[in-house]
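J.: All residue numbers for the sequence shown refer to the numbering used here, where the first residue is 22 and numbers rise by one.
It is possible that part of the hints are untrue.
[Stated by the list, open to error] Here are the simulated lysine-lysine pairs, DSS-like style, with alpha carbons at most 27 Å apart: (1) Lys299 / Lys311; (2) Lys204 / Lys249; (3) Lys249 / Lys299.
[Stated by the list, open to error] Distance windows between CB atoms, simulated: (4) Glu212 / Ala330: 25 to 35 Å; (5) Asp151 / Arg34: 25 to 35 Å; (6) Lys150 / Glu32: 11 to 21 Å; (7) Asp218 / Thr324: 38 to 48 Å.
Note that these hints are calculated values from the structure, not bench results. Cβ coordinates follow ideal geometry from the N, Cα and C atoms, glycine included.
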Amino acid sequence: MLGVEDGRTAERRIAFLQSLPMVAWFSLGGEGLATIAQVLAAEAMAACEGHADLMSIRDRTRQLLMQTGPGHCAIGGDALFWREASPLFRARKWHSDLVAALAPLNVFDENRTIGELSRLGFSSPEAKKDMLARIRLNVLRQATIGIGGDAARAEALADQFMERVADGLAKSTPTAREFLVMKLVEQGVDEEEIRDDCVLADLSRLGVFRSQLREVAPYTGRSFEELKRVPMEMLPTRVVNHTLLAHGQPRERRPGSDLNDRYLGTFAAYCDVLYVDKRTAEDFRRAIRKEPRLAGLIGEIATAPDFDALLGKCEG
Numbered sequence: 022m023l024g025v026e027d028g029r030t031a032e033r034r035i036a037f038l039q040s041l042p043m044v045a046w047f048s049l050g051g052e053g054l055a056t057i058a059q060v061l062a063a064e065a066m067a068a069c070e071g072h073a074d075l076m077s078i079r080d081r082t083r084q085l086l087m088q089t090g091p092g093h094c095a096i097g098g099d100a101l102f103w104r105e106a107s108p109l110f111r112a113r114k115w116h117s118d119l120v121a122a123l124a125p126l127n128v129f130d131e132n133r134t135i136g137e138l139s140r141l142g143f144s145s146p147e148a149k150k151d152m153l154a155r156i157r158l159n160v161l162r163q164a165t166i167g168i169g170g171d172a173a174r175a176e177a178l179a180d181q182f183m184e185r186v187a188d189g190l191a192k193s194t195p196t197a198r199e200f201l202v203m204k205l206v207e208q209g210v211d212e213e214e215i216r217d218d219c220v221l222a223d224l225s226r227l228g229v230f231r232s233q234l235r236e237v238a239p240y241t242g243r244s245f246e247e248l249k250r251v252p253m254e255m256l257p258t259r260v261v262n263h264t265l266l267a268h269g270q271p272r273e274r275r276p277g278s279d280l281n282d283r284y285l286g287t288f289a290a291y292c293d294v295l296y297v298d299k300r301t302a303e304d305f306r307r308a309i310r311k312e313p314r315l316a317g318l319i320g321e322i323a324t325a326p327d328f329d330a331l332l333g334k335c336e337g
C-alpha cells in the first residue's frame, strides 16, 4: 500500500485506514503491527505449546495475534511515521525484484540426491571458474526473463547474486558435498540430517524453514534448538506458501510484486475473505484442487483489481 511512487496516494491510504471505525489487525505482544515473520513466530509458539495440527495452530495463532479497534489504534494517529517509511518501502523494491526474479533458479539440480551430487567435482580453480561462469549465465538468463527484458537491471541482479555465490566458494571447499553441507548447516540443518539418500530439494526447503525459525526465535521466547523440533508441515503460513509455489501458474515474468502477493497469500488462513488479483486467485484455485490440506484451513478467495474496487465490495 505504501510502496507506490506517488507520495500523495500513500498518504491518502494512511488517512483512510486511520479513519476506519473498526478494523482487525495482527500484533505480537501488543507492540505495533505484526510482520510476516512475527506471524510465523506465533505459529511456532503455538506448535511449541502442544498444538499439533494445522487447524489448532491456526486458531491459537489468531488468539496470540488478533486485535480489533479503530484504525488509528492499528497504525497510530500520527501519519508522519508512515510518511517517512514510505520511501524505505520503495527502496526495498530492488530486493523484492531480486528475490522474485531468481526464485526458480537452482545452482544444483534439486531433484538429485546428496549422494549423486557428491560425485560432482569443482575443487580445482579451473573447475570453480567454469562452474561460476555457468551459474552466472543461468542467473542472467533467469533475471532477464523475470524482470521483463531489462538487460541493465538483469546484469546488476546477476552481479549481486554472484557475489554471494563467490563468497561461499571462497571458503575453499574441496568437494561438492562439503559445499552443500556447509550451506545447509549455515541455514540450520544438522549435519546428521544430510544423508546421501536425501533429495536436495527437500533439504533446501528444510534449510529455508530453519533459517526463518532462527530469525524469529527472539520473538518467541524460545531457543532456536527448541524451535528446530517444529515440523514445517504443521505451520499454516508454510503450507499455504509452499502449495502456491508448487501448484500456482508458471510465470515467465516475475516482478517484485509477485513476492508481495505471495506474502499476502499466506494470510488466507487467517481471513474470512482474502482479496487478491485475478492471477493470484487462479494460483489459489489450482492449489486448492491439488492440496487437500487447504480445505477448511483457508477462507474465501475473492478478486479485486484495485483498492477502490476493494472498498466498494466492503461497503456493499
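J.: Each of the hints needs a verdict: does it hold here or not?
T.: Okay, the hints, checked on the actual structure:
Of the pairs offered as hints, the one joining Lys299 and Lys311 holds, with about 19 Å between alpha carbons and a cut-off of 27 Å not exceeded. Taking the CA atoms of Lys204 and Lys249, the gap is near 17 Å; set against the 27 Å cutoff, the hint holds. Only pairs whose Cα atoms come within 27 Å are accepted, and Lys249 paired with Lys299 is rejected, the gap being roughly 37 Å. Distance hint for Glu212 and Ala330: a CB-CB separation of about 52 Å, inconsistent with the stated range 25 to 35 Å.
In this structure the hint that Asp151 and Arg34 lie 25 to 35 Å apart at CB is violated, the actual value being about 50 Å. Remark: the range hint 11 to 21 Å for Lys150 to Glu32 is contradicted by a beta-carbon distance near 51 Å. At roughly 44 Å, the beta-carbon separation of Asp218 and Thr324 lies within the given 38 to 48 Å, and the hint holds.
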